[in-house]
Amino acid sequence: MFINPLPSSGMFTANLPQRYRLDRLFVFFCRAAIVLSILALAILMYDFLVDGLPRLNWQFITSFPSRRAASAGIAPALVGTIWMLLVVTCVAFPIGIGAGIYLEEFSGDSWFSRVIEVNINNLAGVPSIIYGLLGLQIFVRGMEPITGGRSVLAGGLILSLLVLPIVIVTTRESLRAVSDSIRQAGAALGATQWQVVREQILPIAVPGILTGTILALARAIGETAPLVVLGALTFVPYLPTNLQSPFTVLPIQIYNWISRPQPAFHDNAAAGIIVLMLVLLSMNATAIYFRNKFQKIRA
Amino acid sequence: MTFELPSSRSSDLWQPNRQMSKLSEGAAKATFTLFALVSVATTLGIILTLIFETIEFFQVVPLWQFLTEDRWTPLFADAHFGIFVLVSATLLTSAIAILVAAPIGLLAAIFLSEYASPKLRQWLKPMLEVLAGVPSVVYGYFALLFVTPLLQQIIPDLQGFNGLSAGLVLGVSIIPLIASLSEDAIYAVPRSLRDGVYALGGTKRESIISVVLPAALSGIVASLILAVSRAIGETMIVTLAAGQNPTLGFNPLVPIQTMTAYIVQVSLGDTPAGSLAYKTIFAVGMTLFLITLALNVFSFWFVRRFREKYE
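The listed protein sequences derive, respectively, from chains A and B.
Residue numbers for the first sequence follow our numbering, beginning at 1 and rising by one.
Residue numbers for the second sequence follow our numbering, beginning at 1001 and rising by one.
Do not rely on the hints blindly, as some may be mistaken.
Stated by the list, open to error - In silico DSS-like links for lysine-lysine, alpha-carbon gap of 25 Å or less: (1) B:LYS1125 - A:LYS293; (2) A:LYS293 - B:LYS1119; (3) B:LYS1125 - B:LYS1204; (4) B:LYS1119 - B:LYS1204; (5) B:LYS1309 - B:LYS1204.
Think of the hints as simulated: they come from the structure by calculation, not from any bench.
Generate coordinates for the entire structure from the input sequences, incorporating the hints supplied.
Rendered as structure tokens:
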């Protein structure tokens, strides 16, 4: 008996209309996903703008917290956030950039540099609240004579450790983008490695490093959890004056207002969010400006 | 008239100060090595801090009690220490988050890499970056004061604090992470593979689903695991929107308390250092650290094991 090697049911039929219909459906879902993400961002911004804009005025920026929502303000929180910015800039930048230079220019491919690299990857995955526990134990309790307990310095140091992996990684990427011929030219002229890095490599890499570090700073400013664990205060009726002062920051003030039951405080929180987002977006814009400048130079 | 000769011939010739160069080279290298060690010290600090306080905690509360009890009431007179109560809440919010974020993030990544024109990409990527940069306390505001009231109109049983809206907003917050990391992986798949499918008569969707996605699998899975790990460690959204009420179970409509929310609750209260309540936050922190570490190590292993290399 003859058996048909290609039974009609197993024959290949292109069936293109059906497959193109599926294609169009697939594109629709992909498009819907991206629209949905952007829409979420839009609704989020609309929500706090509508709630917060009526509350936002000069009195709100310059006032101290208060039991009455209408007279409360963010002055200590804003000053605290600026303090955090200063401490993180002074601590995380030199250490992060220095560590990045070491790993990229000096260490070569030794076991030591590989250990540090794995270690940095792991640190980037540690939840921020765990850094708070570290800070509570080491900076607040262990180093109390230096930091003064739950102070500006303790908070700034823990945020610095938190963003250190970001600064190190971006520094390395920017250094790696600099052409090797410059290093070789420097060596041929008899310069030491450090002289080449200082005079030639770093100036070229600076815009890239700045982009990454500004983004790292923005991350530090938005952090709430580690500072809450550290014991930053939620009610500070004065401005922090030195590194050992108790402090609060914008996200903690916002958190405090959200968690109160009265709706008037929720509007304060929304107004605080507007100020925080303005600070963050202007930092992002600066970073993007540097990145575009960087790309133009390299192009 | 006498012409004054320079005292030494060498002064008008440049001479390298090799002594000085060597010194500054050594100093720079030593300083930067020290800076690189700060990151190692941080890791050691975290591990030692957690281990130290956790050991003290387990000297008071036996390990089996910590793992098997079904209540978490460490601040009450009748104290119970069932960590699984907090873990279940964390699992619930993270599961909701990844169910929302995985499909949306992945489809968005496919759109950005395969369908969007370069110009559109240039606009969409910074917007996703902004979404990624929104502080978690802002998402918490959104979850508690916008999403929950909205959901309550659809689900009347929903309570003011609940795992559902916390998980949903948590999902929105990790979409950019999945989208950008997966897009990197998908974008890196070489063009020739796609062309191969077209040559066989495949459509664009068929090339993406049957060839491009499998080729980018290791990167995609890594991005999903990182997103889960981020969701588990996320603090402010779940603290604000899910509540402070440790209940065992996976009901998304009632108030629950995640591991991170418990640490915040104790930190905000007036807990003296050295007390048992103080030690519990380190034990909870240790649990959290171990879970996220396991996920990170697994994703690292997965990428190395399944990475497809193309030249």
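These are the hints, each one checked on the structure:
Of the supplied pair hints, the one linking LYS1125 (chain B) and LYS293 (chain A) holds, its CA atoms being roughly 18 Å apart against a limit of 25 Å. Between LYS293 (chain A) and LYS1119 (chain B) the alpha-carbon distance is near 19 Å, which keeps this suggested pair within the 25 Å criterion. This hinted pair checks out: LYS1125 (chain B) and LYS1204 (chain B) have alpha carbons roughly 23 Å apart, not beyond 25 Å. Proposed proximity of LYS1119 (chain B) and LYS1204 (chain B) is supported: the alpha carbons are some 21 Å apart, at most 25 Å.
A threshold of 25 Å between alpha carbons decides the hint, and for LYS1309 (chain B) with LYS1204 (chain B) the separation of about 22 Å falls inside it, so the pair holds.
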